[in-house]
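Engineer: Below are the chains, spelled out letter by letter.
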Amino acid sequence: MVLCLGLVCFICAAVLGGTYVLTAGPIEQARQNKTRQSIAKVLPEFGGDPVEKVAAWNGTDYTYYAVEGTGCAVISTVSGFGGPLSVMVGIVDDGTVYNTVVLSQSETPGLGAKCQTDAAFTDQFKGWDPASKTLLVKKDGGDVDAITASTITSRAYALAISNAIEVFKTVNAEGGLENEQ
Amino acid sequence: MLKEGLKMSSRLHQLTKGFVKDNPTFSLVLGMCPTLATTTSAINGLEMGLATMFVLILSNMVISLLAPAVPDKVRIPVYIVVIATFVTVLQLAMQAFVPDVYETLGLFIPLIVVNCIVLGRAEAFANKNSLVDSALDGIGIGLGFTMSLTVIGIIREILGSGSVFGWKFIPGDGVLAFVMAPGAFIVLGYLMVIFNKYLAKK
Amino acid sequence: MEFLLIIISAIFVNNILLSQFLGICPFLGVSNKLSTAVGMSGAVCFVITLATVVTYLLNQYLLVPFGLTFLQTILFILVIAALVQMVEIVLKKISPSLYQALGIFLPLITTNCAVLGVAITVVTKEFSFGGEPAMFNLGEATVYAAATSIGYGLAMCLFAGLREHLALNSIPKPFKGLPIALITAGIMAMAFLGFSGIV
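Residue numbers (our numbering), protein chains in the order written: chain A, 1 to 181; chain B, 1 to 202; chain C, 1 to 199.
Hints are computed from structural coordinates only; laboratory data are not their basis. Check before you lean on any hint, since a few could be wrong.
Claimed, not checked - Only pairs whose alpha carbons sit at most 25 Å apart, straight line, appear in this in silico BS3-like list of lysine-lysine:
hint : chain 1 : residue 1 : chain 2 : residue 2
1    : C       : K173      : B       : K21
2    : C       : K173      : B       : K197
3    : B       : K197      : C       : K176
Assemble the whole structure, with the sequences as input and the hints as a guide.
Structural biologist: In structure tokens, the structure reads:
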């Protein structure tokens, strides 16, 4: 009885181990592809490989991908309506937002989840210049058109972008310092 | 000759019984959690159904082979280990080849382990039938499950977002409640009413 | 304060039955009578909390250090099955009266997806309660599991109360039994939607 259970467990463990070894490569590949595709979406066309770096701002570590001569893609995670909302924000070297893409979200389907699909909402951030427009929803006195009935998600999205811009500024300031030395 | 014919028709029956007579959702009322949770759109329902079918067919086949050798006392643990193995294989394969689908279905892929349909078929069918019959049973029940999930998904998507399989044909927002939790219960409830009224007649 | 947010969120806002759809089978199966619903809820509460603590520790100190997180599903379900067996045996020895009350529900809990669902959720998902999104620590995981199972019990008992009354009404034949129960659950879920936004 114990022997039988042990044997089944052993065979299953072997099958699982084998599958894991076989799929480890493709899983890693898929993950990298996803990151690459996201970076390609949020930054203008670039040559060369984006370099993964980590920057600290306001006590939190942000992962970002620097592309020489083009800009940065910053991953910014904030608290949305239903849980964490993770946005990749592409910022070009002159400090304007090129594009944004949602990496993961747990917002309400049909309401807040539209931040991923509603072009009318996401397109307003293309070419957003933080110098002339404020990253707050209109209700809070800013320039962001919120998704209908999803102010909290929209607010979180705007916050994610504004955090990313701050990270970008910090990174650039540090880079500048290094150059001076 | 007659015997052969009988065998064929019984095999055909294995394949089609999942649609009405032994429909896992409307008739047996099993596997309610993924049925309600993943049917926010037609495509999600279809994907969930196919994922479950994959595990169902393979676990049915392996269990039908193992059943004679497994002592009665450890029957259930052995079945659970076999099912969990296939679920993990599915998880890894989905992460590798269809990561977006894996992300959408999320928690409900590992939860196929505790889907009563899979363990239920192992207990009720696979452990006393041949390999081929068990595989056909897996396909039949799996198809029935996939069909139910897709139908619920289509209805919720039409009412909730005015589209089918992502193809939008009604402008506007639709009735949000149908995409959210309450809609799942209500759509399933009314579909069951229709099923009881028209299809379940013996 | 954070614990309070977790508790309110887990019981009302993200109610495991009415908004996450976990553990629906027993929800529909044993909610015909209030007394059985109470028994089932009690047993589920106990097992969810215990299982979450054990699987959390196993994940943290066994799977993660050795890079074996892909074994989560299979290990967790085995742990839950073993735990349910153990609880049954221990309960039988030390408190026969409690065993009498919960006994028949215990074997059913292994295949209750709420248990595995909560165990997997707390080790894979990041949560944010106002602050920075982060993984749960052991304390938060325990509180989350306990609160979730209280939410389970609450929805289950309310639903059983409703169904007891439903049984006394004359209902069109095709609606009898599960269909009307599902529609009732839908209306309850709609009521619970009203809680969203308070956390």
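Engineer: Are the hints correct? Go through all of them and say.
Structural biologist: Evaluation of the provided hints:
1. C:K173 with B:K21: holds (19 Å)
2. C:K173 with B:K197: holds (8 Å)
3. B:K197 with C:K176: holds (11 Å)
Checked against the numbered hints listed earlier, the structure breaks none of them; every hint is satisfied.
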